[in-house]
Amino acid sequence: MITLQKYLRQSATYKVFSHFLVVFADFLDTLGKIAQIGFHVLKCILKGEIEGKELLAQCDRFGVSSLPITLSIVGMTSIIVASQVAHEMVKQGGGNFVGLLMTILIVREVGAIMSGFAITSMIGSSLASELATMRVTEQVDAIDVLGVDSIRYLFVPRVLSGAIMMPFVVILASVVGVLLGAVTSDMFAGLTYRAYFDSAWLGLYMKDLCVCLLKAATFGATISLISCTCGYFASGGAKGVGIATTKAVVWSFIAIVVWDMIFAVLFFF
Amino acid sequence: MSIEVRNLIKKFDDRAVINDISFKVNDGEILAIVGFSGSGKSTVLKLICGLIPFDSGDILTSEGDIAMVFQYSALFDSLNVADNISFALQERKDLRKKYKPEQIKKIVSEKLELVGLKGIENKFPSELSGGMQKRVSFARAIVTNPNTILYDEPTAGLDPMSSTLIEDYIVSLKREINAASIVVTHQMSTITRTADRVIMLYDGKIVFEGTPTELLKQETPYTKQFVTASLEGPMKMQA
Numbered sequence: 001m002i003t004l005q006k007y008l009r010q011s012a013t014y015k016v017f018s019h020f021l022v023v024f025a026d027f028l029d030t031l032g033k034i035a036q037i038g039f040h041v042l043k044c045i046l047k048g049e050i051e052g053k054e055l056l057a058q059c060d061r062f063g064v065s066s067l068p069i070t071l072s073i074v075g076m077t078s079i080i081v082a083s084q085v086a087h088e089m090v091k092q093g094g095g096n097f098v099g100l101l102m103t104i105l106i107v108r109e110v111g112a113i114m115s116g117f118a119i120t121s122m123i124g125s126s127l128a129s130e131l132a133t134m135r136v137t138e139q140v141d142a143i144d145v146l147g148v149d150s151i152r153y154l155f156v157p158r159v160l161s162g163a164i165m166m167p168f169v170v171i172l173a174s175v176v177g178v179l180l181g182a183v184t185s186d187m188f189a190g191l192t193y194r195a196y197f198d199s200a201w202l203g204l205y206m207k208d209l210c211v212c213l214l215k216a217a218t219f220g221a222t223i224s225l226i227s228c229t230c231g232y233f234a235s236g237g238a239k240g241v242g243i244a245t246t247k248a249v250v251w252s253f254i255a256i257v258v259w260d261m262i263f264a265v266l267f268f269f
Numbered sequence: 001m002s003i004e005v006r007n008l009i010k011k012f013d014d015r016a017v018i019n020d021i022s023f024k025v026n027d028g029e030i031l032a033i034v035g036f037s038g039s040g041k042s043t044v045l046k047l048i049c050g051l052i053p054f055d056s057g058d059i060l061t062s063e064g065d066i067a068m069v070f071q072y073s074a075l076f077d078s079l080n081v082a083d084n085i086s087f088a089l090q091e092r093k094d095l096r097k098k099y100k101p102e103q104i105k106k107i108v109s110e111k112l113e114l115v116g117l118k119g120i121e122n123k124f125p126s127e128l129s130g131g132m133q134k135r136v137s138f139a140r141a142i143v144t145n146p147n148t149i150l151y152d153e154p155t156a157g158l159d160p161m162s163s164t165l166i167e168d169y170i171v172s173l174k175r176e177i178n179a180a181s182i183v184v185t186h187q188m189s190t191i192t193r194t195a196d197r198v199i200m201l202y203d204g205k206i207v208f209e210g211t212p213t214e215l216l217k218q219e220t221p222y223t224k225q226f227v228t229a230s231l232e233g234p235m236k237m238q239a
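Protein chains in written order, with this note's numbering: chain A, 1 to 269; chain B, 1 to 239.
Fair warning: there could be bad hints in the mix.
[What the hints assert, rightly or not] Here are some of the chain B residues that sit facing chain A, going by a computed Cβ distance under 10 angstroms: (1) M68; (2) D94; (3) S137; (4) D196; (5) R197.
[As the list claims (entries may be wrong)] Keeping only pairs whose Cα atoms sit at most 25 angstroms apart, straight-line, the calculated SDA-like set for lysine to any residue is: (6) B/K111 with B/P160; (7) B/K98 with A/E51; (8) B/K123 with A/Q10; (9) A/K47 with B/P160.
Keep in mind that the hints were calculated from the coordinates and are not lab data.
By construction, the Cβ of each residue, glycine as well, lies at the ideal position given by its N, Cα and C atoms.
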């Protein structure tokens, strides 16, 4: 005879609910680890425990090697938006505002968020898989046994390079985006460069640039911190490396959107 | 005394993987910890060097460093041999200001010579054979002149000749730096060639303690089963 307890355990509701609890517990666990490591990294940075050579190497990886993919993604997004917006706006008599619209869109949102996604896919996944591989091959344990703070050694240069390099990447990507917007508007809607750039500066304030830079630095540090944390706590061999990398990308994407929302509410609401 | 473990207990999910074990290793002594896979041998090493916390008991060590040689070397693949060996000297807070680059270079060269690998400072781990990687990890472990060295299956995955070479280095390092050494292994050759004493773990408990000669005498059901590698006996393999 089946007991009520057994029946409940076999029921779909129970399974869905228990799965939800496991996912929620994992979410809280990951969030806690990210916060804990984040504070440790901040403490090290404030104490000046930074390896200059390693920081430069990570800056090169974060800022230079990611540029082609970041510029391509932001550039193509600008082309897509401009090709759809410019023609319609010119038709409705608003051609003089295409530059303004594109600049606001790229500087406030597209530049930072698309660069964030591109960097997550390229650098975030690479950071997570690198640290996860180090974890499963006991390299992280070796660092600790040798008496070196593995969080300081592995996280500080990576997180700091994210915060330093991301604003440069975003600025460069935004410039490329605005320029490609002008070229696209000219090609698709016959809008002159002069008309585009005359309005481009109208909607751009110092506040926009400052928020854009702050947002970019936050995105960069967040992507590095989340990716490194997911890799650092990986377990279980090759499968564990894969899980850590996936988790790093998903968490970074979500974090970028959440930060973007926070910035929008704080500065433009 | 160099290292003493008293009534050590470690649980994973309420299951005691190390269940109230005690032992002592003196300076210049090599203790082999043997047992079938999953008996908790490597966990003991990780508890001693602080990689995982224990639930109760005590681990007492003399002042000085504890070094560990990992099962698969665990060399940093992004660093060359010289940087691997000098990692602690360059990165440890208490050591990095103590040594100048020329001194570090000299120490690296000395340690490499000690493990018979002179002149490979600029090679990367991926360019070395398994045996060479293991010897580089020996050199990395002893760079701070530790008073305790832990070896996690040092001959795993090596051919018989490389194993013999590694076993000889374990003995010569003991003589050289007079450290207390703990070797986790299940290879009979490693036990007989290196160990002064042996403890056997089963289900997280010590089921035998004695010399390698006593182990080979097979006077208890546990030693008999281990030495003959029999499936029949008090130790059951986990499915």
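Practice prompt. With a cut-off of 25 angstroms on the C-alpha distance, tell me whether A/K47 and B/P160 pass.
Written response: 50 angstroms, violated
Worksheet item: Does B/D94 pass the interface check with chain A, least Cβ-Cβ distance below 10 angstroms?
Response: 8 angstroms, holds
Fill in: Hinted contact B/S137 with chain A - closest CB pair below 10 angstroms
8 angstroms, holds
Worksheet item: Should the interface hint for B/R197 be scored as holding, given a Cβ-Cβ cut-off of 10 angstroms against chain A?
Response: 23 angstroms, violated
Fill in: Pair hint B/K111 and B/P160, alpha-carbon separation not exceeding 25 angstroms
Status holds; Cα separation ~24 angstroms.
Discussion item. Checking one constraint from the list: CA of B/K123 to CA of A/Q10, max 25 angstroms. Satisfied?
Written reply: Between B/K123 and A/Q10 the Cα gap is close to 58 angstroms, so the pair fails against 25 angstroms, i.e. violated.
Worksheet item: Given B/M68 as an interface hint, is the shortest Cβ-Cβ distance to chain A below 10 angstroms?
Response: 5 angstroms, holds
Discussion item. Checking one constraint from the list: CA of B/K98 to CA of A/E51, max 25 angstroms. Satisfied?
Written reply: Status holds; Cα separation ~17 angstroms.
Worksheet item: Would the hint on B/D196 stand, with a C-beta cut-off of 10 angstroms toward chain A?
Response: Where the cut-off is 10 angstroms and the nearest Cβ of chain A is about 23 angstroms from B/D196, the hint is violated.
Figure legend: structure checked against the earlier numbered hints; hints not met, in rising order: 4, 5, 8 and 9.
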